[in-house]
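4 protein chains.
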Amino acid sequence: MIKVGILGFGYWGPNIVRNFNGHEEIEVVAVCDTNPESLKRVKRLYPSVKTTSNTQEITAAPDIDVVCVVTPVSTHYDLAIEALKNGKHVFVEKPFTATSEQATELINLAGQKGLTIMVDHTFLFTSAVRKIKSIIDDGTLGDLYYYDSTRVNLGLFQHDVNVIWDLAPHDFSIMDYLLDCPPVAVSASGMAHIGKQEDIAYVMVYFANKVVAHFNVNWLSPVKLRNTLIGGEKKMLVWNDVDPDEKIKVYDKGVDVSTDESRYNLLVNYRSGDMWAPRVEQGEALKLEVEHFVDCINSKQVPINDGHAGLRVVRLLEACNESLKNKSMAVTL
Amino acid sequence: MIKVGILGFGYWGPNIVRNFNGHEEIEVVAVCDTNPESLKRVKRLYPSVKTTSNTQEITAAPDIDVVCVVTPVSTHYDLAIEALKNGKHVFVEKPFTATSEQATELINLAGQKGLTIMVDHTFLFTSAVRKIKSIIDDGTLGDLYYYDSTRVNLGLFQHDVNVIWDLAPHDFSIMDYLLDCPPVAVSASGMAHIGKQEDIAYVMVYFANKVVAHFNVNWLSPVKLRNTLIGGEKKMLVWNDVDPDEKIKVYDKGVDVSTDESRYNLLVNYRSGDMWAPRVEQGEALKLEVEHFVDCINSKQVPINDGHAGLRVVRLLEACNESLKNKSMAVTL
Amino acid sequence: MIKVGILGFGYWGPNIVRNFNGHEEIEVVAVCDTNPESLKRVKRLYPSVKTTSNTQEITAAPDIDVVCVVTPVSTHYDLAIEALKNGKHVFVEKPFTATSEQATELINLAGQKGLTIMVDHTFLFTSAVRKIKSIIDDGTLGDLYYYDSTRVNLGLFQHDVNVIWDLAPHDFSIMDYLLDCPPVAVSASGMAHIGKQEDIAYVMVYFANKVVAHFNVNWLSPVKLRNTLIGGEKKMLVWNDVDPDEKIKVYDKGVDVSTDESRYNLLVNYRSGDMWAPRVEQGEALKLEVEHFVDCINSKQVPINDGHAGLRVVRLLEACNESLKNKSMAVTL
Amino acid sequence: MIKVGILGFGYWGPNIVRNFNGHEEIEVVAVCDTNPESLKRVKRLYPSVKTTSNTQEITAAPDIDVVCVVTPVSTHYDLAIEALKNGKHVFVEKPFTATSEQATELINLAGQKGLTIMVDHTFLFTSAVRKIKSIIDDGTLGDLYYYDSTRVNLGLFQHDVNVIWDLAPHDFSIMDYLLDCPPVAVSASGMAHIGKQEDIAYVMVYFANKVVAHFNVNWLSPVKLRNTLIGGEKKMLVWNDVDPDEKIKVYDKGVDVSTDESRYNLLVNYRSGDMWAPRVEQGEALKLEVEHFVDCINSKQVPINDGHAGLRVVRLLEACNESLKNKSMAVTL
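Protein chains in written order, with numbering that gives the first Met the number 0: chain A, 0 to 332; chain B, 0 to 332; chain C, 0 to 332; chain D, 0 to 332.
Some clues are possibly wrong.
Identical copies look the same in the list; a pair holds intra-copy or inter-copy alike.
Said to hold, decoys possible - SDA-like, lysine to any residue: derived pairs with alpha carbons at most 20 Å apart: (1) K324 - N226; (2) K233 - P277; (3) K248 - R278; (4) K42 - K209; (5) K324 - V183.
In short, the hints are calculated from the structure, not lab data.
For reference, chain A alone in the conformation it holds in the complex (with noise of 0.2 Å):
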């Protein structure tokens, strides 16, 4: 029985809670929040959980295994690496840290100690992200183009990190897992309207080879978009992730370029076929990253989201910031 205890019990906690609490190989022994309320919803759902409001009776409990870090970005390594320095494993919140010399060090002490750390990139987890995966790498899309990502809807303002630390660690990780290719340079644009943090933001993140990504996030939006355009040489994908049905769709279009261009919009050949959705399971994500984290402590094997992995995201976030500040130009990594 792998023992856990849980710091933070806010929007996503009950979340993290519940699904390790569900593992049957886990036993949830202690949550630790600072608002009373919290915990007192704690003790209603779970009777026999343990609530506290300091966070050493969890990252120093000799009982604990596992320390799960749900709180603010800005609590994070402190935190972490108080449960690593007591030989814990940590499962922490996306984004890993606030930042990447907290990570390294993070990995680095974690590494020395064999202790395993998950980064909560929970959409690497979800049946879509999975198939997408599937498709990309089995060579369906060909080479890739691009990668458009629009992530927007109202709320929820967070005080301490801007726009693009809110919602792009999701789409950096999905990124990171999907291209599995170093990025070379980020741009960023954005403003701030209702706070001093940036509410509204682009990112443009350059790769090798003419691949680039770009990502619209947005706190002010009247409509929740998740929409994604993977475009490739020979398929071109559209990921609506709001879509209850048809998350996925792949499409037999794109462009061949013809050598023969007697005038001057004739540059290229368009293709258009079929439309092809296929089946994405339903189920929740956080369980099956739950599964994974359990199997990686069992057999020492090295999650998919590693702090290297933590790492990588907390790094385009940095970069994000420095070209927020340097005029949107872009920033060589």
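Following the hints, complete the assembly by docking chains B, C and D onto the known chain A.
Positioned in the frame of chain A, the structure of chains B, C and D alone reads:
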């Protein structure tokens, strides 16, 4: 009767000829194109119209009052200057010219000669744009936060200009009309995959007062998207131009800054109310544009889409190219 | 504290238990099911609830005030009559009973004993239905012309009832609530492809004053549709229950009879105006239904979904079966 | 050169004239209408075409080979019989005739004289219907269960026929073509709200082998719906004719009868797989229909939409009216 000569009968020219011909105060007297097939098509549809492959038979024809320049952008200046020199009013396809110097020169010459320039910013004459204009102007949205436009589809590739010069003039002219406020800086990112010109690009435009506009233009998208989100302090608007029935939706949604913020993610309160889709009339925009042109010529009125409007769009396009060459760094206007 | 016993923990039972259990004035004391796996699941989720496979341990238990009958329709009468005889209030799954005689008998017995019957017409407690009710009642739509409902999807096949008895009780109860007017005749068509019961069927209901209602119910549809059109003299309403954002749309559309009709297809004038989508609150209908049940028991109030409402639905279902047997001939009610 | 005369230049007539005129082997020589405005419009668009208000100048004109009857249905028989008597081929608007006797008489006369009758079942020439036909015929769907069509919108009201006679001929002719199997019985329900003719109606058609078809036709709908579901044993198809991009979707969904059915709602197993949207070409159906007509005349081939096809539709329409008068009772064909 206003006598009109038209240069160019390729992709867009037939619509120009049909709409000018349909106006009861206009007589289309001649059409010029270098492609004999195009001229044959003119003859079949309009047996009484003269056809020629010599532009001077139009720009210098004594019986022609108005010259329409519906040719590739690289030729706009030469053809329009010749027409103006010969005392003709000109109607020029978008983008107005290849450089802002050319645009300025044409504006000055027309001014000296008392001639009218209209730049074909067709969208300003659509019912949708007119309706949005009235919704913004009557204060329904309150102070604006952002204007976010997506205009993507498969093709048509052009080889004398990039995707920004091809598609963004639509959006820049709409933004210019709706926001009625000078931009202060522009940043652009893009990539060329198929030819030498960027086929996918993103543009950020900054205004005073924290208003930003963003444009996603792409020749390599499997789906045709024409989405514009306009976020305001009071309400938010979504314009989906490919929706046949409900092109414009106004959402009573937004955020109110909260004064008492005890917890980290409670910076703001959200308003979420009804949605309203005003009726948008159907009808051909180009027809209304031609009527406006005739009115302007007859009454010596300045068109809303005059040479200055054309110049403002060209300046944005030039700034995009400059930013593209400078690692997306924002270019001050 | 109201003590509740629940009969049946199959597909819908878990929702009943969870919502009754969640009400602060209710204690769920026992759950009965014939399937040992179901009872194990009860024990895991609610360790303090008693489980049994003997219905009498619930219908005759001295410490139980309310019996919920969440079993196949063929068993409703026997279980409910036993509960009522023992002085329990009853909450019965839809459709209320297998025959109108059974329904009448239950109503009479409950009346004699001063007990409350609630039939689980859950949809009456959704925000969407409540909003539509207020839109009809305040005269927004004017006099109604028709109510046209489509409720189709793949499965779940049942073998004791046909698709009308399975799906149409939802729609009949909604129609009964919204139109608040007695139907005068019913015609039904259908076909059984997979089993012996109709798996696809269509029902027409006639009211006085030319109002008609139509129901399309189908267990063999590849797509899940939940569409209701309500046509009125002044405005028309579309309710799409699977749309997460804009469930209800009210169209300012209609026809005005023209007095001067010179030509054969100019009988009427069409009005086509704005569309309005009122905000629909989110929230679980069953929670509100349980609150209404508790209120009714406490204050001896008659539920909007009482036995008579259940009986009206059963009468329509019986008329459907009769029409199905008589070549779709309309059955007068 | 085939010389064509056209009777009727109202709502649909202009499309007929344009498409016949566009065929290179056809010359439209005369158009007849009782409305002088319509004839003026003809003259403006086709200066060389003769106009008349006297039908005999077309039906009896020695230089006319083909007569198109594009007038209200009540006049079809009189005009077509006159044309046939004078040795003309006829192209008749749908529905073919007002009674099946009239249709039979026209078929017989044309047969005796060796003349061609084509009934304007335009939809049979759309790419969508052709694609669906091939999907059914190649066995993709397996044995069919049902055909369920919704064709609703606001207007156009007609006063000589009800909504079934106006809209259902489209669907009856499509069904006739796709299912290629004689119906055995028809039931219809409807109501007249605005005029004396039914403006909303529902039709059920029974075939041998448990196949059923259902039609929802409505002149009083706020939204335009053109949805057809075709359920088969192996796969299921949805045709949404107002979707500009993905008109046809084929779902790998269905049910397999389970042999071991221990529990009441486990009668069947559900299959749920991928969806596939075949490319549907664009192009004007009427153009292809005119080409088919010319081919049939030239090669003495029988049109797929000949008089018999027209008669089969009229018989269904008559059966609908009979059922409407008999309380929806199914009428055996």
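Violations among the numbered hints, reported as their numbers in ascending order: 1, 4
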